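Chains as they are written, first to last, in numbering that gives the first Met the number 0: chain A, 0 to 361; chain B, 0 to 71.
To be clear, the hints were calculated from the coordinates, so they are not data collected in a lab. What you are looking at is a predicted structure, and each value in this text was computed from that prediction instead of being measured. In this text, a Cβ means the ideal position worked out from N, Cα and C, and glycines have one as well. Be aware that one or more of the hints could be misleading.
Label-pair distances were calculated between CB atoms; the ranges are [unchecked claim]: (1) A:R278 - B:S30: 20 to 30 Å; (2) B:I35 - A:G273: 47 to 57 Å; (3) B:A6 - A:D56: 28 to 38 Å; (4) A:T163 - B:D12: 28 to 38 Å; (5) B:A6 - A:Q314: 19 to 29 Å; (6) B:A6 - A:D287: 49 to 59 Å.
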Amino acid sequence: MKVEHELRGDRKVFTVSAFNRGVSSWLTRLPTVWVEGEVTEFRRQARWQSVFFTLKDSGDGSCLPVSMPRSGFDALRLELADGMTVQVFGRPELYAARGEFRLRALTIEPLGLGAVLAGIERLKRRLAGEGLFAPARKRPLPLFPRRIALLTGNEAAAKRDFVTAVTARFPASRILVAQTYVQGARAAPALATALADLAGEPDVDVIVLARGGGSFEDLRPFSDERLVRAVAGSPVPVVSAVGHEQDTPLCDLAADARASTPTAAARLVVPDEGELRQRLSAFRSRLDRAPLLLVERKRAALDSLAGRLRALSHQSTLNRGYAIVRTDNVIARNAADLTPGQRVEVELAQGGFGARVEETRP
Amino acid sequence: MSEPAHAPATFEDAQRELERIVIELEGGRASLEDAIALWERGDELYRYCLAKLDSAEGKIEELGRRVDEARP
């Protein structure tokens with residue numbers, strides 16, 4: 000199609016309308032293709048001729064507006080909703096009246112469960128390769144957290160179960176609850192943001208991520224790379240209590256501990272106050288007994304030393320018939336140190352006496 | 000009750016140190032002077048732990064504001 004331009008002096012100038020029509024016409028030469036992405040901002044109204052949504056790249060968040068004639072869309076009988084991954088068969092077009100580029104859909108196919116599972120499996124291998132799930136990364140949970148954070152959806156059950164179980168074990172617990180989207184396209188970034196917010200709150204020593212059971216689709220945000228990375232990178236230990244025993248969303252693998260239910264998570268994060276007090280009082284009695292034991296032990300050691308000391312004393316030597324001779328309290332060992340007439344003191348096994356030296360021999 | 004001379008960072012630290020002291024005293028190798036100092040420290044730690052338990056106050060709060068901001 001020839002697009003008419005006008006001349007302003009020696010410059011070729013197009014009107015907006017002509018330019019848009021030109022681009023639009025050029026775009027029709029592009030082939031019809033399949034594009035895969037996540038549905039967001041899905042809009043459908045009975046009085047509109049078309050339905051609209053945005054396809055989002057789950058990798059880098061690139062967006063592509065999509066439109067599809069309503070009659071064609073309704074004929075597909077799709078339960079299209081935000082967060083679903085779909086493949087759209089269509090061709091690019093320019094909506095000339097607004098200069099907006101979009102993909103005009105001819106048909107839409109939701110991605111099969113198999114393809115979604117394969118995508119999660121690929122992500123799991125990639126993150127495992129980075130070491131995100133390594134046991135060495137797991138941190139021990141605090142024994143006695145100052146403050147426990149709970150991140151959950153607006154469902155009352157998970158919160159109630161958790162709070163009940165925590166306060167049953169330790170009535171005076173401090174719990175900080177954050178509720179946000181847990182399903183749909185907004186869930187993963189919202190959860191990741193809330194997780195970081197909770198970790199930044201004062202005294203929060205552990206975070207529990209809880210979500211009741213749901214369909215595979217409902218639990219998909221918990222395998223989203225953004226959330227899995229946020230869990231692995233959290234400065235505060237995270238307990239994942241998502242879905243049921245048989246579900247293993249990837250955030251379970253990245254968390255420091257995993258619980259099958261919110262109630263089980265409570266047992267992991269808070270001690271039983273009764274047990275704690277029992278253990279403390281056991282330490283108390285051991286602490287109080289310990290010095291007595293120690294003193295008894297020291298006394299026994301002293302008694303045994305005293306016995307040995309007595310055995311070594313000179314008394315036992317005197318008992319055998321020896322005598323000690325002293326001059327001026329100095330023990331005489333050499334006759335040459337004595338002079339005749341000198342006064343000496345003699346000690347016997349029983350008593351003693353004073354004497355004078357008669358003579359000395361070498 | 001006085002705060003421990005070297006305040007333990009957490010309840011767990013205090014409980015762990017208390018356990019270590021009990022075991023050391025029961026081992027009977029400490030000198031009498033050391034034993035007295037150890038016992039006093041153990042006594043402090045016990046009181047500290049008990050006070051922590053007794054003074055704990057239950058509270059359930061909502062992190063409302065931030066979550067609202069996260070909502071588009």
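Taking the hints in turn, this is what the structure says about them:
The supplied range of 20 to 30 Å is met by A:R278 and B:S30, whose beta-carbon atoms lie about 28 Å from each other. For the hinted restraint 47 to 57 Å between B:I35 and A:G273, the CB-CB distance of approximately 32 Å leaves it violated. Checked against the given bound of 28 to 38 Å, the beta carbons of B:A6 and A:D56, roughly 52 Å apart, lie outside it. Taking 28 to 38 Å as the suggested C-beta distance range, the pair A:T163 and B:D12 conforms, at roughly 30 Å.
At about 56 Å, the CB distance of B:A6 to A:Q314 disagrees with the hint of 19 to 29 Å. For the pair B:A6 and A:D287, the supplied restraint of 49 to 59 Å is violated, since their beta-carbon distance comes to about 23 Å.
Of the numbered hints stated above, those contradicted by the structure are hints 2, 3, 5, 6, listed in ascending order.
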